[in-house]
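Chemist: Here is how the chains run, residue by residue.
Number of protein chains: 6
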Amino acid sequence: MDTKRINEFGIGDFIEGYYLIRSVDSKTSSNNKSFMDFNLADKTGEINAKLWDSNKEDEETLKNNMLIKVRGNVTEWQGKPQLKILRIRPIDDMDMVSIDDYVPTAPIESETMFKDIMEYVEKIDNMSIKNIVTTILDEEKEKLLYYPAAKSNHHAMKGGLLYHILTMLRAGEALGMIYTHLNKDLIYAGVILHDIAKLEEMDSSELGIVSEYTKEGQLLGHIIQGIKRIDKVAKDIGADEESSLLLQHMVLSHHYEPEFGSPKKPLIPEGEMLHYLDIIDSRMFDMNKALENVSPEGFSDKIWTLDNRKIYKANI
Amino acid sequence: MDTKRINEFGIGDFIEGYYLIRSVDSKTSSNNKSFMDFNLADKTGEINAKLWDSNKEDEETLKNNMLIKVRGNVTEWQGKPQLKILRIRPIDDMDMVSIDDYVPTAPIESETMFKDIMEYVEKIDNMSIKNIVTTILDEEKEKLLYYPAAKSNHHAMKGGLLYHILTMLRAGEALGMIYTHLNKDLIYAGVILHDIAKLEEMDSSELGIVSEYTKEGQLLGHIIQGIKRIDKVAKDIGADEESSLLLQHMVLSHHYEPEFGSPKKPLIPEGEMLHYLDIIDSRMFDMNKALENVSPEGFSDKIWTLDNRKIYKANI
Amino acid sequence: MDTKRINEFGIGDFIEGYYLIRSVDSKTSSNNKSFMDFNLADKTGEINAKLWDSNKEDEETLKNNMLIKVRGNVTEWQGKPQLKILRIRPIDDMDMVSIDDYVPTAPIESETMFKDIMEYVEKIDNMSIKNIVTTILDEEKEKLLYYPAAKSNHHAMKGGLLYHILTMLRAGEALGMIYTHLNKDLIYAGVILHDIAKLEEMDSSELGIVSEYTKEGQLLGHIIQGIKRIDKVAKDIGADEESSLLLQHMVLSHHYEPEFGSPKKPLIPEGEMLHYLDIIDSRMFDMNKALENVSPEGFSDKIWTLDNRKIYKANI
Amino acid sequence: MDTKRINEFGIGDFIEGYYLIRSVDSKTSSNNKSFMDFNLADKTGEINAKLWDSNKEDEETLKNNMLIKVRGNVTEWQGKPQLKILRIRPIDDMDMVSIDDYVPTAPIESETMFKDIMEYVEKIDNMSIKNIVTTILDEEKEKLLYYPAAKSNHHAMKGGLLYHILTMLRAGEALGMIYTHLNKDLIYAGVILHDIAKLEEMDSSELGIVSEYTKEGQLLGHIIQGIKRIDKVAKDIGADEESSLLLQHMVLSHHYEPEFGSPKKPLIPEGEMLHYLDIIDSRMFDMNKALENVSPEGFSDKIWTLDNRKIYKANI
Amino acid sequence: MDTKRINEFGIGDFIEGYYLIRSVDSKTSSNNKSFMDFNLADKTGEINAKLWDSNKEDEETLKNNMLIKVRGNVTEWQGKPQLKILRIRPIDDMDMVSIDDYVPTAPIESETMFKDIMEYVEKIDNMSIKNIVTTILDEEKEKLLYYPAAKSNHHAMKGGLLYHILTMLRAGEALGMIYTHLNKDLIYAGVILHDIAKLEEMDSSELGIVSEYTKEGQLLGHIIQGIKRIDKVAKDIGADEESSLLLQHMVLSHHYEPEFGSPKKPLIPEGEMLHYLDIIDSRMFDMNKALENVSPEGFSDKIWTLDNRKIYKANI
Amino acid sequence: MDTKRINEFGIGDFIEGYYLIRSVDSKTSSNNKSFMDFNLADKTGEINAKLWDSNKEDEETLKNNMLIKVRGNVTEWQGKPQLKILRIRPIDDMDMVSIDDYVPTAPIESETMFKDIMEYVEKIDNMSIKNIVTTILDEEKEKLLYYPAAKSNHHAMKGGLLYHILTMLRAGEALGMIYTHLNKDLIYAGVILHDIAKLEEMDSSELGIVSEYTKEGQLLGHIIQGIKRIDKVAKDIGADEESSLLLQHMVLSHHYEPEFGSPKKPLIPEGEMLHYLDIIDSRMFDMNKALENVSPEGFSDKIWTLDNRKIYKANI
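Protein chains in written order, with the numbering used here: chain P, 1 to 316; chain D, 1 to 316; chain L, 1 to 316; chain F, 1 to 316; chain X, 1 to 316; chain V, 1 to 316.
Think of the hints as simulated: they come from the structure by calculation, not from any bench. Keep in mind that this is a model prediction, so the values were computed, not measured. No false leads were slipped in.
Mimicking SDA-like on lysine to any residue, the simulated pairs with C-alpha atoms at most 20 Å apart in a straight line are:
hint, chain 1, residue 1, chain 2, residue 2
1, P, 130, P, 184
2, V, 115, V, 141
3, P, 264, D, 264
4, P, 264, V, 302
5, P, 63, P, 25
6, F, 84, D, 77
7, L, 232, F, 242
8, L, 80, L, 10
9, P, 235, D, 139
10, F, 232, F, 126
Selected chain P positions facing chain D (in silico; Cβ < 8 Å):
hint, residue
11, 249
12, 259
13, 261
Glycine included, each C-beta is placed from N, C-alpha and C at the ideal position.
In isolation and in its complexed conformation, chain P is listed as follows (with noise of 0.2 Å):
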C-alpha cells in the first residue's frame, strides 16, 4: 500500500495508511457523545481527524507520538481539510513501518553528528575550556542524540539541537580562517555550549517533540540554566576561572538584544560572533524551509518566525 503524504490531501479523497498521532483529546459533542480529536502527521505536515462515537477502547489504546493506520474521508470544516476516520488502530509489527519516516528529523544521523562535533572539541587546545565542554556533552549525550532546538521555530526536529550545532561549527571554523583574531578555542565552546540547557528548558519525547515548557525553563530560562551548568563543571573539574567567566558571558550574550533574553551584549569578539554564527543557522533554515513549495516568481506565506515576512523564490 502506497501511503498518500498529507500534503497531498484533497478534498473528498479516501485515504488508506500510516500516520502519527501528534496528540488527541476524548471529547464529548453538543448531543452528548463521545468523539475523539487528532492531530495526525507525517513528515509532509499536519491534519486534524475526529473519530465519532468513539467508545473507551479507543480511549485507551490510542495515545500521543503513537504510530497509527486509518481509513477516512478529507472533508472540509472552516475553510481547512479534516478527515473523518473510518477505522483507526495502532501498527503492528506486521505493517514494517519506522517512526523515523514519521517525524521531521534532521538530515544526518545522530551519532554521526556527534561524533562529528567530538573532533571539533579535539581541536580545542585551552585544557579548562576543553574539559569544560567534555564534560557536559558526556552528561547529555544521550538526550542530545534527540532533542529538538526549539519546540516549534527553527530546528524543531529530532536531532535538530546537534545538527544546529554542528552547521553552527563548521560556519565558525570557515570564519575562523577569515577573521583570525578569534580565538577558536572559545568559538568551538560557545557553539556547543550555547543552548546546552534547552535541554533543561523543555521536555522533548524522544521524538524530538517538545510537550511542555519546564518550570525551571520558564522561572530562568536556558540562558541561566546553561551559565550555572557550566559555572558548576568548571568549579567541579577546577578550570581556569577565566575561561569559565567566557563562557558563561558568551552564553549570557548571544541573544544579545535584552528583550530576546540578553541582559549583555557580547563584549568579546568571539561572542559577537557566536551571536551572528546562532541567527544565520537559524535564519537560513527558516528561509531554506519556508521556500520549500513556493514557484519561481512567487512569494511564500508569512513567516512569524522571520518577523512575518513573506519570502520570494527568486526566478534566475
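Starting from the known structure of chain P, arrange chains D, L, F, X and V on it as the hints suggest.
Modeler: What follows is chains D, L, F, X and V alone, placed relative to chain P:
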C-alpha cells in the same frame, strides 16, 4: 576652628578646614608646570580644587580617600566654584577629626542594622530558605558592613546596602500585613539577597566609595552572580530545589524590565512585591535627597536617576 | 436544591440551579428559527448558554442583570462548555436567592468601607485638603457604594472602587510610618481622589457591572475629569491654591507614563508613592486572582492585565 | 552711527552700537576679580560679552531686557565669538533707539492681529462656542498682545502667539473650503484656544521673552490648564455641555501623541485638523527661519526643533 | 424591482436584487458536497453568501468582479449575517444595471479630474519640472483613470488616486497662498508624483479593485519605484539635475518616518508640506467615511487606519 | 631621526618629527592675535596642536592633508594632550617620507584587492548579473582604489571600501559552501554593489579621508543612489529584469532595519546573508581595532559604533 560646609561656599570666600580627597590627579599645565587636581568632599557636597606648582612630595603624600586640612580661596571657573589651594596637608591625630564625618554614611550604625536584619531572618519559617540566607549573610558580613548599594545612584554611601535592605524589610513586613497571601519567607529572603552580588560586581573601599566595576560585574552583572551564588549555597547545604528556584527567580526578575537587566518578569506575587519594594525605597531616597536644599514652591535640579525630573517642594 | 458552581460544570452534566444573566441576545439561526444566546454567571465564572426555539415571551421576560432559574445539559462547542437550556424562568420571592451571591463583590461591606475611609479623612490636618475630600465623598457616596474600579480589569466588582481605595489607604498609612518625610494628608487625599472620576468615565449598574464608557470618559478620561472636579470644588469652597494644585498634580501623574494617560510624571514624593500604591494594589489583586484555581507548581493562563504573564503557584 | 548687526560681527572687529541685554550675571574670576557676563542681542542673533573688572555701580545699573550702548572688540573664545567690552551704559532718550528694533517681533502689529482674529470669532455661528471664545479673549487681551508662542522654539517672539493663531486661522479657513464636512466653529475656536494657557504656563516679559515656566506650568501644563479654563468659563456663562466638551477634547488632543502631552488622540475630524494646522504652522516657521542665511545648494545647521535635520536650500 | 442595500439587510429578510461578486471560491462541505462561497458587495458594504449544492456550470459561470442577480434569505452565522442563496445568475443586458453603481467610485468623473490636474501642471513655471510631470502623466493616463490610491485603506475606490491627487493639489494651492515662501512648482509636482508608482506596485482591475501587490511592489515598493521613474524620465528628457533631485527627495521622504518607508525625512519645506497634504487628505477621507453611519453623540467602530480610534460624531 | 608615534606622546615630551595635517584653521585669540589650530595625525592617532602668533605665510603654506615636519612640546589642556608648536614646515623631497605611512590604509595593496575581486566576478555564471557588476566596477575603478568605506566608522581608511568588499567576498564564499542553497552569483554581486554608491554619497580625498557628504548623499543616500545606478546600468546593457530587481532589492534591504535606512527587510536568503556578511565584517573590524591597545583583562573605552560597549581583552 569651625570647618565651613562645602555646600555653603561662596565665590570669594577664604576657607580653612578639613575635607576628604575623593580623587586626585597629578597633571602638567600648558606652561609645563606640575599641578594637582583634586575633588574635595564633605557630607554636603564636592568641590574641584587646584594646587598649582605642586612638588614631588605633595604627589607622594596626598592620596584618594585621605582626610586633609586645607586653606584656600573659592574662585569661579567656567560657571562653577573652584578652590585655589594655598596650603594643604594630611591630618594627624592632633586634628581630632573622624573619617565618618566626611563620607556619606547610612543613618543607622552598621552593626545595629546587621542585627536588625538578622531578626528578620529569625522570622523565616522555611528552613531551606533560612539556611540559604544565613549562610550567605555569614560569609558576607564583613563587606556588608561598609558596602554602598550603588556606585553613584541611590544609597551610594557607607553602609548603604545594609540600609537599603533594612528599610525594604520593614516596608515588606508592613505590606505583608495588608497583602496577607504573600509568603513572608520569600519576601524577607528576596529582599536580603536581591542585590547581594553587588559585593562582587563593584570594588568598594571601606569608606563605601566604589572606584570601579569588577570584570565579573561587567561581563555577567550582579543579577547573574547572585543567582549563581544562591544556586551554589543551596546545593552545598542541601536546600530543597523549589525554594532555591524561587529565590533565584526573584533575584532574576527584580529589575522587572529586560532593558534594566531582568530577562524574566516576576511570575510569583512575592517577586512582584520585591520589585516594588526595591523601586520605592530607591525613589524615596532620591526624592528626599533632591529636596534637601530646595525652598518651598521651588524645584530641584534635574535628577538623572529620576528620569531627569525636577522635584517640587510642596508648600503646605 | 444545591446549585452547582459554574467552575465545577463537567461536559455531560445535568444542571438545575440559579444564575445571573450577564448578557442576552435574541438571534436567528441559519435555519431561520429564533433562539436566545446567554452568558450566565455566578461568582465562580461564566458559561455560554443557548435557548433554542425561543418565543416572544422569553425575549420580553429575560433581561440583562436578572437572576434566573435554569435546567439544562452541559455540552461542548468548539472546545468550550456550553449550556443547552431545557427550561428557564426569572426567580420569584419563593426562590430566596440574593443577587449579592451572584455578582463579584468586595469582601467588605460597602458601608463599612466607606466609614473606614472617612476615618482616614479625619486624620487629615490640612483643612483645605480635608474639605475638598469631604465635599467630594459626600457628593459621590451613593455611587461609590457600588461602583467597581474598572470595566474588566482589577477590582471589577461591586464596591471594587471603595475596596481599592481602602486597601491603598492602609498600605499608604503603613509606608508613611517608614518613609516619614511623606505628607500623610497628600497621601490620603491622593488615594481617595485618584480614580474618583471613574464614576463619570464609566456607566455602571448597581451590580457593579460596567456596560460602557461615557462620552466624557472617551473624549477626556477620568484623569482629566478628576482634575476638573478638584479644581471646581476647591474654588467653590475656597481651598488654598497650593493644596488644590498638588492634588490635581497627583491625579494627573498617577498613571506615571504618558502612554498610560499621565502627561506629567510625579514631581512630588507623595505623587510617586501614590503611583506605587495604586499599581501594587492592582497587581496583588490580579495575581491573587490568577492563582485561585492553580495547583502547586502549576502556572495560570496568560493574564492580559499582567502583560500576558503566566503566574506560578509556589510549592513551599 | 550705524550699529553693526550681530550676525555680521567678524573676529577682530571694533564694535560701537546699541544692543539688548538678554541676560546678565555678576561673577568672580579665578584671580578673584569681579566681572560681568552678558548675552547681548539684536534681531539677528546673540553674542556673549564680558565686562572685566566690573564695579558695584555696573552691577546695579545693568539689568536683563535693558537696551545699552556698548563699545568693544570681537574676540574668539573656544571657537565662538565673544565681545570684550570697553565701555557700556544704559541708553537714554538722546539715543533715540526703540526696544522694538531689538527683540524678535511678529511681522504684523499686535492690535491688527487681535482685530483680525476677532473677525474670525464673528464668523462663529454656535453661540456657546462664540461666547466661550469671546470671554477668554477679552480676559486675556492684554497679555496676548505681547506673549510669544514658546520659550525658545517656534514663534518665540513678541506677539508670537497671536501670529501663530492668526496664521492657523487663515490656513484653517482655506482648508475648510476643501474639506467641507468640517465644522468651522470648532476649527476657529480650537485654533484660538489651543495654546491659550501658555499665558499661564510661562512667565513672559512685555518684550515677549520667557524667563521661566510657572509652577502650574510644570505641575500641570498648558493643556490641562486650558481645559480647566474652558470648563470654568463654559459653566460660568452657561454654554451647552457638548460644545464645551468638544473644545476641551480638541485642546486635550492637539499634541496628538501621549509623549508630547496628549493622553487622547483626536476623536473628531476638527481635532485632527487642529493638530495638523498647529504642526504645519510651526514647521513652516522653523524651516523658513532655518534657511534665512543659507546659500543655494547649502544646508542649515542641525535644527533641534526639526528633529536635528539640516534643512536644504533648493536652487531652482 | 428595488434592490435592497446591503447595509440595510436584516436577519430573516428575503432578498432579490443585483450585487457584485467581490470574490468567489468553490469548496466541498464536510458531507462531501460542492458549494460556493461568495463575498457579495454593493456600494454600502459586503456580505458573505453561500450557494449550497453548486454544480460545475455555476463554477464556470460565476467569477470575481461580475455583476449577478440573486435571490436568497439573510441568516446569521457566528454572529454575522450570511446570505443563503436560492437562485443566482449573471446579469444580462436586459437587467440594465451598471457596474459603476456597484463599486466605490470617486465623486468626480475621472476625465474631469485628469483635466483639472493638467490645469495645475500648466501653472508650473520651471520647465524641467513641468516636463517631467507632463511626460509621466501622459504615459500613465490610461491607468490613472481607474486606479485606486490603496488596496484597502483610504481612497480605495475607482479613480481614487486621481481624486487624492486633485484634492491635495487644491489644498496645496490654498496653503501656498499663506506660506508664500513655498515653491509652488515643487508642491504641484510633488503632489502629482508622490504615489505615482502605486500604478506599478499594485495590480488593479479596471473597477479600481486591487487583487495583489506586484513582485516589484513587494521587493522595492512604490517610493523606490517612483524615484527610479523620475530619475529615468528626467535623464531621458534632459531635465536639470537639481529639479530631478528635489522631486526624488520629495517622493523619498513623503512617508516621513523610516518605519513607514521613508529612510530620509523631508529636508526642504516643500517636502514637509507634501507630507502633511498627504496625511491630511487621507485622514479627512477616513474620518468622514467612519462617521457616515454614526448617530450624533455616537462613536464609530475602531478604525484600523486611524490607529484603532473610534471616531465621535459631534452633536452641535 | 626617529619620529615618535602620537599614541606614545607623554605630557612634557619634546617632539620632533613628521606628521599629517588632518585639519587646520586660522583663528584669532582673545588678545586679538592670530594663531593656527591643527589636528596632526599619524597612523596611531591624532593630537591637537597650536601655532601661536602665526603669520600670513604660515596660513598660505600649511593646508589640509599635507605632510609637515614639526618641533614642539606636549602640554595638557583640559585633560587632553596638546602640542605647542615651536617650528613647523611642509616636507620636501629631502625628507624622504611617504604619505602612505601617515594615513590609515588597508593592509592589502589596492590593485591587488581589485584584481582579487575581479576573480570573484569571474565566478559569476549569470551573464546579466556578471555584466552589471563588471560595468560598474569598470566605471568606478579609479575611485575604488582609494575610497574608504565610511567617513568615521569602520573601514575609514584609504582603500577601505575595497578591503571591506574583499573580506566579505571571502566570507560569503566560505558560508556558501555550508549554506548550499544560496545563489553565489547574487551573493558575490550583492557584496560588490551593496555600498557602491558611497562613492557618490561622500567626497573623499585621494588619501581616503572624507570631508563631507554630497548633497545627493544627504537628500537620497547611498542605498537609493545604488539602486538607481543598478537600474540604469541594467537597462543600458539589456540585463534581464529579474536579475536587476534582485540586486536592487539586496541593496535596498542590506541595512535591515528601517531606522538604519532599509525600508524593506531582505525577502530572499541571499539578501539576508548579505546583511550579516556586512555587519560581521564591520563588527570584527571595530572590535579588533578597539582591542589594539588594551591589556589582557582590561576593557577598551566606550566604542560609539559598537553601541558604546567597552570591549574586553580575554586572558586565555
